[in-house]
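Visitor: Hey, can you work out the whole structure from these sequences and the hints?
Given next are the chains, with one letter for each unit.
4 protein chains.
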Amino acid sequence: MVIVLEKGIAEENLQNVIDHLEKFGFAVHKSVGAEHTVLGAIGVKPGFDIRQLKILKGVREVYRITEPFKLASRTFKSQNTEIKINDIVIGGTEVVVMAGPCSVESEDQVFRIAKTVSESGARILRGGAFKPRTSPYAFQGLGEKGLEILRKAGDKFNLLVITEVMETSQIQMVAEYADILQVGARNMQNYYLLKELGKIDKPVMIKRGMAASIEEWLMSAEYILSGGKSNVMLCERGIRTFETYTRNTFDLSAIPVVHQISHLPVIADPSHATGLRDKVIPMARAAVAAGADGLMIEVHDDPDNALSDGPQALLPDQFNDLMNQIKNIAQVIGRKI
Amino acid sequence: MVIVLEKGIAEENLQNVIDHLEKFGFAVHKSVGAEHTVLGAIGVKPGFDIRQLKILKGVREVYRITEPFKLASRTFKSQNTEIKINDIVIGGTEVVVMAGPCSVESEDQVFRIAKTVSESGARILRGGAFKPRTSPYAFQGLGEKGLEILRKAGDKFNLLVITEVMETSQIQMVAEYADILQVGARNMQNYYLLKELGKIDKPVMIKRGMAASIEEWLMSAEYILSGGKSNVMLCERGIRTFETYTRNTFDLSAIPVVHQISHLPVIADPSHATGLRDKVIPMARAAVAAGADGLMIEVHDDPDNALSDGPQALLPDQFNDLMNQIKNIAQVIGRKI
Amino acid sequence: MVIVLEKGIAEENLQNVIDHLEKFGFAVHKSVGAEHTVLGAIGVKPGFDIRQLKILKGVREVYRITEPFKLASRTFKSQNTEIKINDIVIGGTEVVVMAGPCSVESEDQVFRIAKTVSESGARILRGGAFKPRTSPYAFQGLGEKGLEILRKAGDKFNLLVITEVMETSQIQMVAEYADILQVGARNMQNYYLLKELGKIDKPVMIKRGMAASIEEWLMSAEYILSGGKSNVMLCERGIRTFETYTRNTFDLSAIPVVHQISHLPVIADPSHATGLRDKVIPMARAAVAAGADGLMIEVHDDPDNALSDGPQALLPDQFNDLMNQIKNIAQVIGRKI
Amino acid sequence: MVIVLEKGIAEENLQNVIDHLEKFGFAVHKSVGAEHTVLGAIGVKPGFDIRQLKILKGVREVYRITEPFKLASRTFKSQNTEIKINDIVIGGTEVVVMAGPCSVESEDQVFRIAKTVSESGARILRGGAFKPRTSPYAFQGLGEKGLEILRKAGDKFNLLVITEVMETSQIQMVAEYADILQVGARNMQNYYLLKELGKIDKPVMIKRGMAASIEEWLMSAEYILSGGKSNVMLCERGIRTFETYTRNTFDLSAIPVVHQISHLPVIADPSHATGLRDKVIPMARAAVAAGADGLMIEVHDDPDNALSDGPQALLPDQFNDLMNQIKNIAQVIGRKI
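Residue numbers (numbering that gives the first Met the number 0), protein chains in the order written: chain A, 0 to 336; chain B, 0 to 336; chain C, 0 to 336; chain D, 0 to 336.
No wet-lab data here; the hints were simulated from the structure.
These figures come from a predicted structure and were not determined experimentally.
Warning: the hint list may mix true and false statements.
[Unchecked claim] Cβ-to-Cβ under 8 Å is the rule here; a few derived chain A residues that face chain C:
#1 Ala-210
#2 Gly-226
#3 Asn-327
Ideal Cβ positions, reconstructed from N, Cα and C, are used throughout, including at glycine.
Guide: Shown next as structure tokens:
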């Protein structure tokens, strides 16, 4: 941490800043420059609130040099994290495609869709059994019945299963059925949930909150990693901005940014990012071109009658065409699908 | 709901739209204009996703005329909701001030601060026993011990107690000690928590999420109200924008907007909105002038050593001066403190 | 336009709304539904402010059915606009690459860079002679001398020239040297400039303002088109959001959105969108995959000594590698570079 | 400026950073800490782009300690700037109210409104003769005829006149008629206009751009101040965020922030910030309570027929009531109206 002091700071104020730093447990190194005196403070704890120093008299600016996260950073671990589940590796050369309906509606529906996405090359089946809905009056999901259906469909069509967990009380149940547990955007800063997820073995995917900075997103990963777990992946699904034409603004630049500062895999979800079926296709291609380690895509064979998010679901044929396009794009950048 | 059809829509497409509407349970009314045919659909359910219609062939635009929330709307209940607890009324003529430390740190600390804010005219004691922290390494709160301290201090200094509940598993415990339960900004769309809170008697205050529109904020209130409960209040605490000088952007216009479209009381929290002690004072004054039904303010008598958010806490003397100013401002608009 | 009236609106208020509509020049069509009376108003002028109706007594909501722009809309012109300059077509099958330094610094510099980008396959030379700078103390550009250099370099290396015009007084001069005139993001709503640009023959490219909605961006195009000109193209260069890791947030979804609602070509500028050299490469690939009609990329052979924006300029070798990658990606979606 | 180097930076890279700094004209001071070597660089020019250093090998972070603006900063001038025009002082104890119609429509209209706002206590007449309109088809203002009307009305009712200038070519004309020249939000970064305004004697008010940070807003003031002029004031009018209920989000916290870091007066414009008549009143009160040095308010006696922005104009009676309220609020904080 670097603390820049005001020009001509009074000796007692300078001493007060140093005393505070030492009380907070820092080793302090003073450097007197021609214009400003600068203090270096070593040993900053990840949770330290730098405003504690900013309000001291005579302090001009405080800069945290190190990121607030540690285990999630590339400084801590320079090699990419590869998450292996059966024969699938997430974060390796393959761009892994997760596909399926928004909500699990019935066994029939899930089996039909699982079959088609599997034939098109998807490796993981997605589907919601517990649904976070803005409205209390909207369909809230089938619960455990939905989990059972997903598991059966996954087993039949050789697909892994990813699904959302919304509450600590659901973790055990969801972990029994799913291969990957998903934390939704609205729960990205539900710290109790994150901490409990740090205690289970199964991989976790954290969706980025609608107003979450990349740093905060990695801090949420840090919550899970600090429980001793390493198989965490992230998912960009759009952030909220002033532009309302699309449901959210798909922040694809976050993909190369996360790859630079963290070792964790990043998945992209163009379905939630755009909210509009015909925008999903170009943005899925763009995500692969930008370097995403995977895609999460909603597919439905009868979207007009879907119980949630039908308008953003691809039809099976569209999904199949998309798979062909992204296979070729992946190849251009030395990856495969 | 109004559905505007494309100019020259084919008869079969028009019929398809009507069929869908009827299947969704709407009564349909057709009006053929000179340029566009317009369908009126009556009986829209609050959770209906209008994109279900937008994707049908021949549909140009769909407008939901009614708000997506119902119980929270002024259309449903034209009188202001007044929440009475002991001799205090929230949502009436009085502007109710909630004050106290960010976190409960010790009995001594809470008693000292409770005494001073009570003497300055605060009616409700605030303080966190369970703390949502961005970093897993930061102080997470005293838990039930903290709740006990708050209750004792509230009783001694004749203050009501408000504190945050972070998980459904904590609701019973928090409700035993506190007079008002607070839902934090990060939990505004934690729907399980909201639903469970709809089942208890005690009043609930919902902080606005950092990226939540006013409509979504009211939808979260609707979750609680739909459980049969009526004593819900809202709290504006700043939204996330591109401006980073202040911690958040304090959206004071939300106060008159909520008062227009809803009957629920609105509290303002300038401490979290600005994050900077010397900005809290002018913004607290502004909130009262804008019509807030209450203020929530962090006060600490030793902020340099506070375990959280010290930099945004007012000193007791500053708080006392502020109370004098806002008493006069309240009077100007026909209210009192 | 559709005007939804309050339930049980008084007859005199209804009449007042109708009178207003007729005074504003609308033909009015009334439809009495079971719940709401709805008025259809035909002949809305593009500049009409619908709040004029919203404030009338008894009006619940007003919806503008038609877009506020006309000449820029696909409804008005269903075929893609193709801008032909010499042997180059912008908006056709080819993805056209514009490359060059941020600022024109010297003849030597521009010639060196023009040579290398031309050899790598760029078709248009970019470079700023007039520079909009946040700071009055920063390098402001070489002016006409810079234009001369660009023209000479373009002619020598068989490249078209695009450069920014900042003021109406510069239009004639810039039009003498350049093949395409660029309106910068900060000038997107400089309406005098737009109107004057509507009077010249040369094509114009409008960069999206940092806070401009897609609709406002198209309205700026409408300003130029309404002068009788048709050769206008747009350029997405990132919008301002809460995320500060990248300079701006590259809104790639805007590309398919504009292609749907407008017939104008869309270029993408990953250099300004990200502001960071190593993010330019993946985001340029993503833009092509998303369907951009062209790219604008900053290239510098000595970026450490560039007079502006060196940190976001690609090195010539990086640019050459990128060109090879995007040639292949273009092919995947049936285009070429 | 502080440059933090990577742990274990190679000697040649360190030397390269120092060489660059010296080439850029900095005096360099090296401090070797236990963890990081830190360079202090003295003599940073206001326009220096710190990314020039960030991209050098071995550099971890670069912090600009000084603000990028100088003449606008309180460090440069600690006393508040007071702008005296006739008997009015802007930036002193008085909260100065500017009121009038959005657009000048006719002599009659302006005289009627000028009379009423003057009687209610306004000191400055506002009104647009040149109007920046999103749509090319909307009313664009009366031009010089409008300026004449404003001057005559101002003289008759003892009001100063403020009006917008949109182009460098209009400056001389507008300066002949108006007492204060206004730069609109869309022109905040029209640097040619700002530079030319630095050359005239009359005071200038700069509206904050919709996506402008407080720092950029002050940089725009710096453009004018660097021309040798000192009578500049700022105007907060709302920023663009995801919340669309109000036209913009009124960032009232910007008022105390600007007062802390700059010596320039800050005016608040609740009419453009909210866009809705009944929200203007509470937000005008809030602005005074937050410490604004003045208000700019739209008033119209026949808003249904206003040629622009009628829906956000106060009626004369509403304005009069508001004046009474804010007189009392001003008193509470030791100011007067």
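Visitor: Each of the hints needs a verdict: does it hold here or not?
Guide: Results of checking the hints against the structure:
1. Ala-210: It holds, given that the least Cβ distance between Ala-210(A) and chain C is near 6 Å, below 8 Å.
2. Gly-226: 26 Å, violated
3. Asn-327: 4 Å, holds
Of the numbered hints stated above, the single one contradicted by the structure is hint 2.
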